[in-house]
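What follows is each chain in one-letter form.
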Amino acid sequence: MQYLINGILLGGIYALLGVGMTMMFGIVKLTNLAHGEFIIMGAFASTMLAQWLGVDPIVTLIITVPLMFLIGVLLQTVLINRVMLQGSEPALLVTFGLSIIIQDALLLLFTADAQRANVAYNTATIPLFGNLYLPVLDLIVFAISLLTILVLTIFLRKTYMGRAIRATSDDTTAATLMGVSVKKTYAIAMGIAMATAAVAGLGVGMRWTFYPSSGGSYLLIAFGVVVIGGMGSIPGTLVAGLVFGLAQVIGGAQYGTLISYILLIIMLAVRPQGLFSK
Amino acid sequence: MKKMKSSNRDTVRVFGGWPLLIACIVIVAVLVVIGFVGENNIRRILIRMFLYCAMAVVWNLMSGYTGMTSLGQQAFVGIAGYSMAVMTSTYLASYWVGLLVGGAIGAVLALVLAVILFRMRGMYFAIATWVIAEALKTFFLSWKFVNQGGGLSVMGRPTDRTIIYMVALLICVAAIVTVYLLLNSKLGLGLTAMRDDPDAASSVGVNIFKSKLICFVVAGIFTALAGGWYFLNNVSIYPNSGFGNSWTVAVVFIVIIGGIGTMAGPIVGSVVYIMLSEILADYPGWSNIILGFIAILVILFLPDGIIGTLQKKLKFEILSQKRFSQE
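Chains S and P supply the protein sequences, listed in that same order. Numbering-wise, the working numbering comes out as the position in the first sequence, counting from 1, plus 71. Numbering-wise, the working numbering comes out as the position in the second sequence, counting from 1, plus 407.
None of these hints come from the bench; they were simulated from the model. Treat the hints loosely; a few may be bogus.
To be verified - Facing chain S, according to a computed beta carbon distance under 10 Å, are these residues of chain P, among others:
1. 431
2. 518
3. 522
4. 529
5. 530
6. 563
7. 652
8. 656
9. 695
10. 702
11. 707
Unchecked claim - Derived contacts from chain S toward chain P, CB cut-off under 8 Å, selection only:
12. 152
13. 153
14. 155
15. 159
16. 165
17. 176
18. 179
19. 184
20. 215
21. 218
22. 287
23. 320
24. 323
25. 325
26. 329
As the structure is a prediction and not an experimental result, all values here were calculated from the model. Note that CB positions come from ideal geometry on N, CA and C, so glycine has one too.
Go ahead and model the full structure; you've got the sequences and the hints to work with.
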């Protein structure tokens, strides 16, 4: 039962890891191999800022989210929009190159040491009935994740920009005819993906110790969430996050990741379009 | 060595190009001489170059000719490196046994993975290969038999570097010749057709599964042989070095710089890569950043790589697999 609670709470952050990846996949049709490094960038930004300013890491989102959004818009405008003209394979390899550059830049800046965004409520718990309890840290990370996903869903459904993004995703030609600038839409989508990576990075930094080289494993989890949830499906993403959360809790520190990877490989082989694809 | 050259001669003569054949023989002969008389530092650099070149040539066969962009070749490197270490240190066998066992396990691994991977195309394939390599790394990190994260040592490394050098050269030449022969066979024609339009190729009778399987297994074997031999030279192996994605980074860089989908591209690319990495070795930490930037700039401005661009500009092909390149 405690497993289930912990698994559900972890599921929130796993879902958030996958949301940015889903957006790039579904809207821009880009496999962003640098997404894991974006998340670690967010984790470093929040951890370092919180240390320097002496505030709770959550407060740093005020800075990191807009900053990462801008970096994303710039990256897409200057680089990725151009490469995508050459086809999907060069674009894939460019994001691979980006991930290497970011990873080694982080290594130069912050050394290979383990990092953690420390908070006062690290080990605090809220007792429930019986032996069950709610870890406060997990609960907060879960709440932040869900809130982010909710805000994103509302943005995509209710605002003009959000509708333009969804229209581009469904039918690029028709959206262009309706006066939507595809390149601009892609840039905004990348910006949003990076903004979610900033929030996910905060969650990662609060919940786990991380290294400059951690990006790869978070990328694969993000990808796993996308594959299991089905592209562009937000409820699917939540369920997939939950699956990975439970795998992590059941497998423990040693086998959790391995179980997740094996799940992902089976899923890719059997049903690559996802459980919840449209 | 002699046998290798004579089989090379036959092929090249059939497709024309005496000067090319002579040039190849001269280059290989010079490299053999360097192996006997060369300075140790030069031989060390060349050993790395041969092994990276072998891996790049077969990666190019997969990605450039059959559209299978694998980001998980380190799976084969790691498995073979560990085979070498386990055979020589746990079972006290010779490094020849280690090399062959590594190659055999690489072939088996490729066959097994093919069953799973060939259901996927494009980016799914790319990510799945990466996941498999990561899963193997995670598994080796907690596997007691291979000393978990503590790594293993390779025993019985030959004291004479000439042996390591010659075998590395042999692996490299064998990889190039194999890929060249494959591309010039009927299979090669089918492969190119398959890359450009899998459905059309399939409907005119190209056995896609078989062709892809041959390429994937050939790539697996040579990557494993090169990886195993690398770790013999390197003496120790850890999950993070054997299964680290720096292998894929290097190979992708080499093929992109040299020219993806060209026969000579990976060869030129590995020369460039080794030279760059030797220069950048003085700036630890920066090398991957600079290599990454170069790779991105090449993709942006020279998408065909060095050889691809030269071939387009000069209308000249080295080691071409085209049937009618002499019109």
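Against the structure, the hints come out as follows:
The interface hint given for residue 431 (chain P) is violated, since its Cβ lies 29 Å from the closest Cβ of chain S, which is over the 10 Å cut-off. At a threshold of 10 Å, the smallest CB-CB gap from residue 518 (chain P) to chain S is about 15 Å, leaving the interface hint violated. Taken as an interface hint, residue 522 (chain P) checks out: its beta carbon lies about 8 Å from the nearest beta carbon of chain S, inside 10 Å. Taken as an interface hint, residue 529 (chain P) checks out: its beta carbon lies about 7 Å from the nearest beta carbon of chain S, inside 10 Å.
The interface hint given for residue 530 (chain P) holds, since its Cβ lies 4 Å from the closest Cβ of chain S, which is under the 10 Å cut-off. A cut of 10 Å between beta carbons decides the hint on residue 563 (chain P): the least distance to chain S is about 32 Å, and the hint is violated. Hint status for residue 652 (chain P): holds, given a least beta-carbon distance of 7 Å to chain S, under 10 Å. Proximity of residue 656 (chain P) to chain S holds as hinted, the smallest CB-CB distance being about 6 Å (cut-off 10 Å).
Interface hint status for residue 695 (chain P): upheld, as the beta-carbon distance to the closest one in chain S is roughly 4 Å, under 10 Å. Proximity of residue 702 (chain P) to chain S holds as hinted, the smallest CB-CB distance being about 5 Å (cut-off 10 Å). Among the interface hints, the one on residue 707 (chain P) holds; its C-beta lies about 6 Å from the nearest C-beta in chain S, closer than the 10 Å criterion. Because the beta carbon of residue 152 (chain S) sits about 11 Å from the nearest beta carbon in chain P, more than 8 Å, this interface hint is broken.
A distance limit of 8 Å between C-beta atoms decides the matter here; for residue 153 (chain S) the minimum to chain P is near 6 Å, and the interface restraint holds. The beta carbon of residue 155 (chain S) comes no nearer than 11 Å to any beta carbon in chain P, farther than 8 Å, and the hint placing it at the interface is violated. A hinted interface residue such as residue 159 (chain S) counts as satisfied when its beta carbon comes closer than 8 Å to some beta carbon of chain P; here the least separation is about 7 Å, so the hint holds. This hint holds: residue 165 (chain S) has a C-beta 5 Å from the nearest C-beta of chain P, less than the 8 Å allowed.
With a least beta-carbon distance of about 6 Å to chain P, the hint placing residue 176 (chain S) at the interface is held under the 8 Å criterion. The interface hint given for residue 179 (chain S) holds, since its Cβ lies 5 Å from the closest Cβ of chain P, which is under the 8 Å cut-off. Annotation: residue 184 (chain S) was flagged as interfacial toward chain P, and the flag is violated, the nearest CB pair being 14 Å apart, outside 8 Å. Restraint check, residue 215 (chain S) versus chain P: the minimum CB separation of about 27 Å is more than 8 Å; hint violated.
Here the hint on residue 218 (chain S) is broken, as its CB sits about 29 Å from the closest CB of chain P, past 8 Å. A cut of 8 Å between beta carbons decides the hint on residue 287 (chain S): the least distance to chain P is about 7 Å, and the hint holds. Among the interface hints, the one on residue 320 (chain S) is violated; its C-beta lies about 17 Å from the nearest C-beta in chain P, farther than the 8 Å criterion. The beta carbon of residue 323 (chain S) is not positioned within 8 Å of any beta carbon in chain P (closest approach about 11 Å), and the interface hint is therefore violated.
With a least beta-carbon distance of about 5 Å to chain P, the hint placing residue 325 (chain S) at the interface is held under the 8 Å criterion. Interface hint at residue 329 (chain S): satisfied, since its Cβ lies 5 Å from the closest Cβ of chain P, which is below the 8 Å cut-off.
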